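Undergrad: Starting from the known structure of chain A, fit chains B, C and D onto it as the hints suggest.
One letter stands for each residue in the lines below.
There are 4 protein chains.
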Amino acid sequence: MIAVLRQDATQEQIESLCDWFREKGLDVHISRGKYQTIIGLIGDTSRIDTDLLCGLSIVESATRVSEPYKSANRKFHPEDTVVQVSDTVSIGGGHFALIAGPCSVENEEQILTVARAVQRGGAKILRGGAFKPRTSPYDFQGLGEAGIRMLTEAGRATGMPVITEIMSASQLDLFADVDIIQVGARNMQNFDLLKELGRCGKPILIKRGLANTIKELLMSAEYVMSGGCQDVILCERGIRTFETYTRNTLDLSCVAVLRERTHLPVVVDPSHATGASRLVPPMARAAAAAGADGIMIEVHNDPAAALCDGAQALTPDQFAAVAADVQAVRRALKMERDEDR
Amino acid sequence: MIAVLRQDATQEQIESLCDWFREKGLDVHISRGKYQTIIGLIGDTSRIDTDLLCGLSIVESATRVSEPYKSANRKFHPEDTVVQVSDTVSIGGGHFALIAGPCSVENEEQILTVARAVQRGGAKILRGGAFKPRTSPYDFQGLGEAGIRMLTEAGRATGMPVITEIMSASQLDLFADVDIIQVGARNMQNFDLLKELGRCGKPILIKRGLANTIKELLMSAEYVMSGGCQDVILCERGIRTFETYTRNTLDLSCVAVLRERTHLPVVVDPSHATGASRLVPPMARAAAAAGADGIMIEVHNDPAAALCDGAQALTPDQFAAVAADVQAVRRALKMERDEDR
Amino acid sequence: MIAVLRQDATQEQIESLCDWFREKGLDVHISRGKYQTIIGLIGDTSRIDTDLLCGLSIVESATRVSEPYKSANRKFHPEDTVVQVSDTVSIGGGHFALIAGPCSVENEEQILTVARAVQRGGAKILRGGAFKPRTSPYDFQGLGEAGIRMLTEAGRATGMPVITEIMSASQLDLFADVDIIQVGARNMQNFDLLKELGRCGKPILIKRGLANTIKELLMSAEYVMSGGCQDVILCERGIRTFETYTRNTLDLSCVAVLRERTHLPVVVDPSHATGASRLVPPMARAAAAAGADGIMIEVHNDPAAALCDGAQALTPDQFAAVAADVQAVRRALKMERDEDR
Amino acid sequence: MIAVLRQDATQEQIESLCDWFREKGLDVHISRGKYQTIIGLIGDTSRIDTDLLCGLSIVESATRVSEPYKSANRKFHPEDTVVQVSDTVSIGGGHFALIAGPCSVENEEQILTVARAVQRGGAKILRGGAFKPRTSPYDFQGLGEAGIRMLTEAGRATGMPVITEIMSASQLDLFADVDIIQVGARNMQNFDLLKELGRCGKPILIKRGLANTIKELLMSAEYVMSGGCQDVILCERGIRTFETYTRNTLDLSCVAVLRERTHLPVVVDPSHATGASRLVPPMARAAAAAGADGIMIEVHNDPAAALCDGAQALTPDQFAAVAADVQAVRRALKMERDEDR
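Protein chains in written order, with the working numbering: chain A, 1 to 341; chain B, 342 to 682; chain C, 683 to 1023; chain D, 1024 to 1364.
Worth flagging that the hints you see were computed from the coordinates, not collected in a lab. The structure presented is a predicted model; accordingly, all values stated were derived computationally and were not measured. A few of these clues could be false.
[What the hints assert, rightly or not] Derived DSBU-like pairs (lysine-lysine); straight-line CA-CA distance at most 30 Å:
#1 A:Lys24 - B:Lys473
#2 C:Lys814 - D:Lys1093
#3 A:Lys132 - B:Lys543
#4 D:Lys1225 - C:Lys814
#5 B:Lys543 - A:Lys195
#6 A:Lys132 - B:Lys411
#7 C:Lys897 - C:Lys884
#8 B:Lys365 - B:Lys536
#9 D:Lys1238 - C:Lys814
#10 C:Lys706 - D:Lys1155
#11 B:Lys416 - A:Lys132
#12 D:Lys1155 - C:Lys752
#13 D:Lys1218 - C:Lys814
#14 B:Lys536 - A:Lys195
#15 D:Lys1238 - C:Lys897
#16 C:Lys1016 - A:Lys334
#17 B:Lys536 - A:Lys202
#18 B:Lys536 - A:Lys132
#19 B:Lys556 - C:Lys897
#20 D:Lys1238 - A:Lys215
#21 B:Lys473 - A:Lys132
#22 A:Lys70 - B:Lys473
#23 C:Lys877 - D:Lys1155
#24 D:Lys1218 - D:Lys1093
#25 D:Lys1155 - C:Lys897
#26 A:Lys195 - B:Lys473
#27 B:Lys675 - D:Lys1357
#28 C:Lys814 - D:Lys1047
#29 D:Lys1155 - C:Lys884
#30 D:Lys1155 - C:Lys814
#31 D:Lys1047 - D:Lys1098
#32 A:Lys132 - B:Lys365
#33 A:Lys75 - A:Lys334
#34 A:Lys215 - B:Lys473
#35 C:Lys877 - D:Lys1225
#36 A:Lys132 - B:Lys556
#37 D:Lys1218 - C:Lys877
#38 B:Lys556 - A:Lys215
#39 C:Lys884 - D:Lys1218
#40 B:Lys473 - A:Lys202
In isolation and in its complexed conformation, chain A is listed as follows (with noise of 0.2 Å):
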């Protein structure tokens, strides 16, 4: 870590912020030039708070050198992880997996229906919501327990691993049969929910949230693998920006820093990120060939209650022919295992 202190900071002052930093374990270098003083620790500086540091009245900038994340860093596991979800289905480490499913679970048939269909097009992992974050109270909160349960019904139906969002550890016990715990994007930094989730031995999906760094989804990785869960999948579904032809704007260059920075597999979600179904199919194949270890796609099998094509879910056709494009960019950049051939 790197301090610039300010011109005006006095002798004394230097010399206390110098002590304090030794009280704390760090070898201090110091170098003085005639308008700044450059303070260098080395050791383990993850206990240190950058924002403090900068807030400090002699402090002009402070630079992390090191990455304060370490379980998820590629430095120290330079191997892929590869996360079991279930006997036949893995993802990371070139194991690649479609993601599909309603935005919502609505009743048993539906979810029957497009997890038999989604799964015919090429999906290896069955996604459905029953608890739903809303922005508004008056909105559609989900089915919740029984949503869950038509969910893992409609999963073991089809030989698929299931992934559901969850809102609160409280709800961890209904939980049992979900082969993949999703954490929303408005939960990226629920720290309670995420050391909570970091105990109960599912692998976890954390999506970015909408004004979240990369670094900050790595710390929240962090966060659940310091809980002892090592099994844990990075999901980018789009960015807060000015931009308002898009609901977010997807940002496929984070597959790419993540690829490089950690271990973990990286997954896109184009449904979220675009909010409109048109847009799905070109980032979805964006996403493949950038390289995303899955791609995350809300598929709906009944137009009329979907109104004109719905939103943005694919219908199963669509899906079909997106699934069918992933895996020829795959194919043709060579990122296929010989088992996905």
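TA: Below, chains B, C and D alone, put in the same frame as chain A:
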């Protein structure tokens, strides 16, 4: 609500969409132009999901014309809400309160010393963190239950009501003696927590999330209010932008916009927004001039431990100077009530 | 266009506003609700300023229902525009072009060597900066006139058309032998420059500004087209967000949105967007998969001078590998035209 | 400047990089750790391009420790710059000025009437647009040369200095009688224009671009100052964020940050930032309390033409009320100089 349909929408699709609106109990007005068709919806549209509508393949855009928040909406409650915090302290409707205290409660002596110092300086409410949301699992997470006990004792000793942050509904029992419960920026859309807090019978202060719009802040207030609680205080604490010279960008126009849109009191936190103590005084003065009902400021008492004037926290003397400036601004702008002079 | 009026708008104010609309030749439809009045405007609203309308004290919101761009609008020109760059090179309507070359033209040998290398690798158009927009007045500003001469000579020697950036209309005479004139991101809303370029008779490539919306990019195209030029190429090169691990955030959904909204060709520049050569290959592949009509990549030829693989520029070998990947993706997705195979 | 190298940088690459630094005349200090190597550079690093460095494949991050701006830097010029606008009006160093006038000059009577009205209300400098940067080529582009003549005549008639925006260096001859030349937000990085203006001998007001950092604003000032002009005024006018209830987000902490970093005067424009006249008074008061050296406000004189209190412009009466509030705030905070009382 107004929906603009795409040029290529078929007559059948338009009819199917209109039927769906009518099923929801809405009056539907259709205007056809050469290049688009506009549908106006009159009635209770709060249950129509704009995002869903925008995503439909035949819809070019959908605009909510009536605000989706009701309980928080000044249209339906023109009078300012005055939150009665204790027998002696109110916020809103012309009642102004300075809220001050340390970032974290560290020990009994510290919190009591700071409490007395900020009270002398002009604070009416004591703040102090017991459960700390930290980006890194390796950072100090607060004293928890013990911290709350120390804070409420310091409040009792000085006669000041206290405010502190909750991170999970499971902690609610520990907050029995807390006067205002704070929801942090990262939990602003932790909807399960908001619902629980709406039933707890205490005033709730909600901090705006780093990437949340003013409308979303009002919708989060709506969650709390729909649970029965009417004593909600809104807090602007900086939003995330591309600027790097400040930790976040304090959005003071938010104060003026909220004044128009809602009857709820609005508080500003310049300490967390700027992240630097030297920027707190000018921003506190500006917040007062913009019409805030309260200002929340971090104050520490131990210059040595807090390292050379310390981060985003002011010394008690600096706080007293800011408090005097804030009062001067309010008096100059005739914002003061008789009892406050 | 639709305007929603505030609850407290008086009858007289509403009448005065409607009269003003009628003076502008618009049909005015008024719908009164309990809490608001909605005004629908039919006719040519392109001369109504939405910002002005929104700012009126009686107006709650104003929404433009028809797009303010006309010449660039796909609604009025459903067929893709094919920009004929030279006898042999076209962009758009299924014609794809790789554009490559160094960040700056440095000397005759350098630009000719890189030109030959990128041509071998698969580039069809040669790029190279002569006038460089630099944030600091102390940074290298480019070779200027001499740089343009070296670039056009290298183009002639290899038979490749060339593209380079203009910074001021006063430089236009120097661009006589340049095939495509580039408007940089920082000049995207230099409206005087856009007007002049619309009259110069050459294809114009406009880069999206760092904080400009897709709509604003189309409006800048509209400026050029209103001057008579129909050969406008749009270029996505990353937008400014809060993320710091990449220089800018490449917005690939912009490609898919532009495809819908306009008939003009769309090019992606992953080099400037990411700022790091190791992120260019995955983003170039993703851009191809998203449907870009061209990709613009920085390539250097002198690993020593360019310092250890160099910044955002690829080596010629790395470029050739990316070009092969891009072609493989396009072939896999059946995007290639017969002549390109 | 500090560069952190990647773990996999070879000894040869590190040496080659260090040699390159030494060629640039810098002292190089290397510290090796287990997972990274840190290079500290001492000397004049202003010619090293941070972006280029960051993009090198062996570089993990590069941080400029000394600011790249010199002429504008308070470190080297601790005293406030006072810009002498005319014999009677100064800005900076405790001298405060209200700048007011219409968005556009419309005709002789209009500009003279508004000039007299704002002068009565307390304005010291007259503003009025003649060349208008408009997003759409179909919108009114200003009266041009005739507008400048009307503005300067109104200035002469009232004895007020005038300010108006330039859009291209080719217009410079028309600005002979203009007292302050304004560079608009969209031209903040039109570097050719900035260079020309640095040689014109007049005070220059630079508006911050919608997505430009404070550092970039200072670098644009540096461009003008490197041409010889020392009379630069900086203007905060709102930045682009995700918030939609205001046109832009006024960043008032920018005022406090600039006060620390530079000796140049700082002006705030709440009219363009908020886009709504009802938000101008609270934001003008807040700007004064934050320590601005001037405030720029749009005022119109014709309620009928300007449509029901009009957009972002105030009536003369509203302006006079704001001016009184601003003066009250400055007096309460003892910001006034003797001559201003």
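Undergrad: Please go over all the hints and tell whether each is borne out by the structure.
TA: Status of the hints after comparison with the structure:
Straight-line distance between C-alpha atoms of Lys24 of chain A and Lys473 of chain B comes to about 21 Å, which keeps the hinted pair within the 30 Å bound. Of the pairs offered as hints, the one joining Lys814 of chain C and Lys1093 of chain D holds, with about 21 Å between alpha carbons and a cut-off of 30 Å not exceeded. About 26 Å separates the Cα atoms of Lys132 of chain A and Lys543 of chain B, which keeps this hinted pair within 30 Å; it holds. Of the pairs offered as hints, the one joining Lys1225 of chain D and Lys814 of chain C holds, with about 26 Å between alpha carbons and a cut-off of 30 Å not exceeded.
For the given pair, Lys543 of chain B sits about 27 Å from Lys195 of chain A by alpha-carbon distance, which is consistent with the 30 Å threshold. Our distance criterion of 30 Å between C-alpha atoms is met by Lys132 of chain A and Lys411 of chain B, whose separation comes to about 21 Å. Distance check on the hinted pair: Lys897 of chain C and Lys884 of chain C sit about 23 Å apart at the alpha-carbon level, within 30 Å; holds. For the given pair, Lys365 of chain B sits about 26 Å from Lys536 of chain B by alpha-carbon distance, which is consistent with the 30 Å threshold.
Proposed proximity of Lys1238 of chain D and Lys814 of chain C is supported: the alpha carbons are some 19 Å apart, at most 30 Å. This hinted pair checks out: Lys706 of chain C and Lys1155 of chain D have alpha carbons roughly 21 Å apart, not beyond 30 Å. Between Lys416 of chain B and Lys132 of chain A the CA atoms are separated by roughly 29 Å; this keeps the pair inside 30 Å, and the hint holds. Note on Lys1155 of chain D and Lys752 of chain C: the hinted pairing holds, with a Cα-Cα distance of about 21 Å set against a maximum of 30 Å.
For a cut-off of 30 Å, the pair hint linking Lys1218 of chain D to Lys814 of chain C stands: about 14 Å separates their Cα positions. A C-alpha spacing of about 22 Å is found between Lys536 of chain B and Lys195 of chain A, which places the hinted pair at or below 30 Å, so the restraint holds. A distance of roughly 28 Å separates the Cα atoms of Lys1238 of chain D and Lys897 of chain C; the hinted pair therefore holds under the 30 Å criterion. Distance check on the hinted pair: Lys1016 of chain C and Lys334 of chain A sit about 17 Å apart at the alpha-carbon level, within 30 Å; holds.
Under the criterion of a C-alpha separation no larger than 30 Å, the hint pairing Lys536 of chain B with Lys202 of chain A is consistent with the structure, at around 27 Å. Distance restraint check for Lys536 of chain B and Lys132 of chain A: the Cα-Cα separation of roughly 14 Å lies within the 30 Å cut-off, and the hinted pair is therefore satisfied. Between Lys556 of chain B and Lys897 of chain C the alpha-carbon distance is near 24 Å, which keeps this suggested pair within the 30 Å criterion. Restraint check for Lys1238 of chain D and Lys215 of chain A: satisfied, since their Cα atoms lie roughly 23 Å apart, inside the 30 Å limit.
Between the alpha carbons of Lys473 of chain B and Lys132 of chain A the distance comes to roughly 27 Å, so the proposed pair stays at or under 30 Å and holds. Restraint check: the Cα-Cα separation between Lys70 of chain A and Lys473 of chain B comes to about 21 Å, which is no more than 30 Å; the hinted pair holds. Among the hinted pairs, Lys877 of chain C with Lys1155 of chain D is consistent with the structure: their alpha-carbon atoms are about 14 Å apart, no more than 30 Å. A distance of roughly 16 Å separates the Cα atoms of Lys1218 of chain D and Lys1093 of chain D; the hinted pair therefore holds under the 30 Å criterion.
Distance restraint check for Lys1155 of chain D and Lys897 of chain C: the Cα-Cα separation of roughly 19 Å lies within the 30 Å cut-off, and the hinted pair is therefore satisfied. At most 30 Å may separate the alpha-carbon atoms for a hinted pair to count; Lys195 of chain A and Lys473 of chain B meet this at roughly 14 Å. Between the alpha carbons of Lys675 of chain B and Lys1357 of chain D the distance comes to roughly 17 Å, so the proposed pair stays at or under 30 Å and holds. Between Lys814 of chain C and Lys1047 of chain D the CA atoms are separated by roughly 21 Å; this keeps the pair inside 30 Å, and the hint holds.
For the given pair, Lys1155 of chain D sits about 26 Å from Lys884 of chain C by alpha-carbon distance, which is consistent with the 30 Å threshold. Of the supplied pair hints, the one linking Lys1155 of chain D and Lys814 of chain C holds, its CA atoms being roughly 27 Å apart against a limit of 30 Å. The straight-line distance between the Cα atoms of Lys1047 of chain D and Lys1098 of chain D is roughly 24 Å, inside the 30 Å bound, and the hint therefore holds. Distance restraint check for Lys132 of chain A and Lys365 of chain B: the Cα-Cα separation of roughly 21 Å lies within the 30 Å cut-off, and the hinted pair is therefore satisfied.
Taking the CA atoms of Lys75 of chain A and Lys334 of chain A, the gap is near 26 Å; set against the 30 Å cutoff, the hint holds. As the CA atoms of Lys215 of chain A and Lys473 of chain B are separated by approximately 19 Å, the hinted pair is consistent with the 30 Å bound. Between Lys877 of chain C and Lys1225 of chain D, the direct Cα distance comes to roughly 27 Å. Compliance with the 30 Å bound is thereby established for this hinted pair. Between the alpha carbons of Lys132 of chain A and Lys556 of chain B the distance comes to roughly 19 Å, so the proposed pair stays at or under 30 Å and holds.
For the hint linking Lys1218 of chain D to Lys877 of chain C, the alpha-carbon distance of about 22 Å falls within 30 Å, and the restraint holds. The straight-line distance between the Cα atoms of Lys556 of chain B and Lys215 of chain A is roughly 28 Å, inside the 30 Å bound, and the hint therefore holds. Using a Cα cut-off of 30 Å, the hinted pair Lys884 of chain C and Lys1218 of chain D holds, with the two alpha carbons roughly 27 Å apart. A distance of roughly 26 Å separates the Cα atoms of Lys473 of chain B and Lys202 of chain A; the hinted pair therefore holds under the 30 Å criterion.
The structure meets every hint from the earlier list without exception.
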